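Protein chains: 2
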Amino acid sequence: MMKRIDFWFSIGSTYTYLTVMRLRGIEQQFGVRFNWRPFSVRALMLEMNNVPFKGKPAKEKYMWRDLQRRAARYQLPARFPVSYPLENFDRANRVAIIGEQEGWCEDYVRAAYALWIQEGVPAGDEDNLVQSLEVAGQDAERVMVLANADDNREAYEEATNEARSLGIFGAPSFIVDGDELFWGDDRLEDAIDFAKGNKD
Amino acid sequence: MMKRIDFWFSIGSTYTYLTVMRLRGIEQQFGVRFNWRPFSVRALMLEMNNVPFKGKPAKEKYMWRDLQRRAARYQLPARFPVSYPLENFDRANRVAIIGEQEGWCEDYVRAAYALWIQEGVPAGDEDNLVQSLEVAGQDAERVMVLANADDNREAYEEATNEARSLGIFGAPSFIVDGDELFWGDDRLEDAIDFAKGNKD
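Top line first, the protein sequences correspond to chains A and B.
Count the first sequence with our numbering and you get residues 1 to 200, in order.
Count the second sequence with our numbering and you get residues 1 to 200, in order.
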């Protein structure tokens, strides 16, 4: 049976760009499948006062350089730095929740990240939403009504609660076999090894 | 000419155990050499209010699991969790400064980490110091006098200032070609690729 890995992400995490663009190749190469699970990593980080970059200029400067090098390693186009943090973080992710329910999540998220990281159009902003929903074959007006509805806001919060209960504290995160957590694009290969049975 | 990489470390960083135990093999495999540079990562992290684990139980729980998996991946013995943070962090590193000057730094640091991570004897505590200095062929009493002297405390602070000026904010860190920074045991391979000329 094809092994499935839960991919927990928030649009707005910079390193998640690397993962989002790598997953299709990984699925083909390793014969695994990913469940795309949007949630609010921002909510969880605020809860635990986890402030990775604000007020830490040396660390933020390093992040951009590291991202540029890592993107080059994966042969991904990128123009770092980009606008960060995202102003419309929650809106970008509430749309992803609708995509998850309707089956076009991956196409939307890939397009949203490509526009943000390659062309500088911030994810969650109207320009980005309209264009990335078009790539995903969706009518932006219809989707935005659904994304802004109360039951979708609740679904987003429930997903975040589920992430918290799994011990997730950052993004991207991968859950293998229901409870084995891997954090960071740089642990994706560890997650795949674990899923394939090369366990410690 | 043999390529040299500066290895900036603080005894007390848990992930640095992986690096400390891997460097000999890496040197043989890739034909590079490392300059061992002790400094106080704690001082730099306090300055920028960088608190990676305190008050973040989900993140700390994950760290121990990730470390255990990573140690297994590298076939390194380990008994996580260990006592953390280290009570005698600065003392452990001031001794390393003497080792750097006298040429036995690597032997001491390897022994100190092995005792801490494999046997649970905290680095910087007297038991650990006496045993790890013996492994390094040094008289503990003589070394401790030097390590506690004012000029050595100054040398430790100067090393920390140098690390800060290089943009270092965490440990382990690697500096290639004088100013290209890589942070984390999981960026060691990126640093080597960069040193070998596979640059982006």
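In case anyone wonders, no lab produced these hints; they're calculated from the structure.
No experiment lies behind these values; they were computed from the predicted model shown.
Incorrect hints may appear among the rest.
[To be verified] Far from chain B, some chain A residues (derived; all Cβ distances over 10 Å):
no.	residue
1	Lys-59
2	Pro-85
3	Glu-87
4	Asp-90
5	Gln-131
6	Ala-140
7	Glu-157
8	Asp-177
9	Asp-186
10	Asp-190
11	Asp-193
[Stated by the list, open to error] List time: in silico BS3-like cross-link candidates among lysine-lysine, alpha-carbon distance up to 30 Å:
no.	chain 1	residue 1	chain 2	residue 2
12	B	Lys-59	A	Lys-3
13	A	Lys-54	B	Lys-196
14	B	Lys-3	B	Lys-196
[Said to hold, decoys possible] Under 10 Å between C-beta atoms, here's a sample of chain B residues computed to sit facing chain A:
no.	residue
15	Trp-36
16	Leu-44
17	Gly-55
18	Lys-56
19	Arg-69
20	Asp-139
21	Glu-141
22	Gly-170
23	Phe-182
24	Gly-184
25	Asp-193
26	Lys-196
27	Gly-197
The beta carbon of each residue, even a glycine, is placed where N, CA and C say it ideally should be.
Against the earlier hints, flag every one the structure doesn't satisfy and list their numbers going up. As far as the earlier hints go, 1, 9, 10, 11, 13, 15, 20, 21, 26, 27 are violated by this structure, in ascending order.
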